[in-house]
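All residue numbers for the sequence shown refer to the UniProt record's numbering, where the first residue is 1 and numbers rise by one.
There may be inaccurate statements among the hints.
Here are the simulated BS3-like pairs of lysine-lysine, each with C-alpha atoms no more than 27 Å apart in a straight line [as the list claims (entries may be wrong)]:
#1 Lys120 - Lys107
#2 Lys107 - Lys78
#3 Lys417 - Lys405
#4 Lys405 - Lys478
#5 Lys480 - Lys405
#6 Lys298 - Lys184
#7 Lys107 - Lys184
What the hints contain is simulated information worked out from the structure, not anything from laboratory work.
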Amino acid sequence: MHPAAPSASSGTVKPAVRPSSLRVPSSRRPSRPASSTAAAKKRMRVDVATPSMERNFITVERAMADFLLSAEDLEGLKKTSRRSPYASAPEIEVLSRKDVVQRANQKWGSPENLGVELQKRIQHASRSASRIGIRRPPRHERRRLGEDGDMDKHPGLWGPSGVVVVTAIALNGGCLVLKLVAWKHTNSHTMFSEFLHSVADTANQVVIAIGVHTSTKRPSMQHPYGFSNSKFVSALVSGVGIFWLGMGMSLSHGVRGLLEPAAWEDLTWALVVMGVSGAMETTTLLLAVRTLRREAYKRSMPFLAFGGMTSQDPSVNVVLLEDLAAVVSILVASLCLLLSLQTRSNIPDAVGSLLVAVVLGAVALFMIFDSAGRLVGRSIPAAELQRINAELEGDVMVRAIHDVKGIDMGDNMVRYKAELDFDGRQLVRAYLDQVNMNHVHEAVRNIHSVEELEEFMLDHGENIVDLLGSQIDRIERKLKAAHPSIRHCDLEIL
């Protein structure tokens, strides 16, 4: 069969048509032997309902991990170069899965024996992963988990966030001791609430520090997206602790002070302690503000927007809120102590304890709902999502984007997902730019049978599919370069 050859002078690509329209009219169709017609009818059709791995490839690393083969076991097997899914390597070498299965059966005797040994290895790996300590995984595993040479560095407690948290722990610990001494000396309800406030702040900032340290753990098989959400978990625990320990006990002590007034000593010492505590809390507050300002400047965001609901660093955000609440409560408590000192009445002192409880409750509820929302999955700011979408839609290969999602993963990391309507004509043009059209034209003119036409279309069709994958990789690299916060980019073809 002689299909109609494309014009050599034509520079355009014909639109896709149905297979029936490719048939040559019978009046112009050249004759061919009956045997050729019979052979064409026996062409194997694709059965998508039947699973098959006859043509599957497998990487060397996966062959060694899934089939427990060593490098020596894989010697002699044919290797094929394929496009790499990792940004750090342009190509990878793969093996035929069928060849690997045969080699594994030779080594282990049967799939059942291999399964038993695999189960033993998995159990051993699970026990090893549960041990304390962070061990760097092998290079191929880091690539598979998305941790290549371009991975952001996580300084943990040695970074800006960690310094803020550690400083807050030290200063709040000092405030805790001073307020405890002042409460014992004065027997003041307000002083007791302030002591509880410092206990809650110190304990919760220790929890935050643990979250900051845990968030630096590298991705693993069980946690392929890493542990960046550990900060949100610790912030949630911190909020619950402030609510029950800080607010609850302060409220209870204030109510008791109203119902059962107790004698208190000279409040001058308490006022001095409140002044020193206020200076210490203000120091950590200013440090948290400075850190958030720097991060907001790096992301070209207003300070209030970055430090509020859109902050991607809950550790600094929590310290900021706790210290802000501490400064406010110290001012309220000092005012109430002065009123009690002037009026010689217990009521302002007890009311001060209640007001401190209200401040603690407001901060705790904000932290609880904010952290819970982030753990469930919160979208990145609309303006940032629109900038990413505009970058994606502006690519020549993309006709439309649908079902777009940008999720804040914490630690200034974003997971971006979109469904793409790819421009098939532009994709084919990009493929034709890479081939010699004169050679293609000559190959078309030399097609004299359906079998030759099928082989021609299979070869070029496979190449176009490979080009589609490389174009997706190119777009992902472009998005990550323009928006460094994108850690995971999932683009799907409609």
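Results of checking the hints against the structure:
| no. | hint | result |
| --- | --- | --- |
| 1 | Lys120 - Lys107 | 17 Å, holds |
| 2 | Lys107 - Lys78 | 18 Å, holds |
| 3 | Lys417 - Lys405 | 5 Å, holds |
| 4 | Lys405 - Lys478 | 18 Å, holds |
| 5 | Lys480 - Lys405 | 15 Å, holds |
| 6 | Lys298 - Lys184 | 47 Å, violated |
| 7 | Lys107 - Lys184 | 75 Å, violated |
Hint check: violations occur at hints 6, 7; the rest are consistent with the structure.
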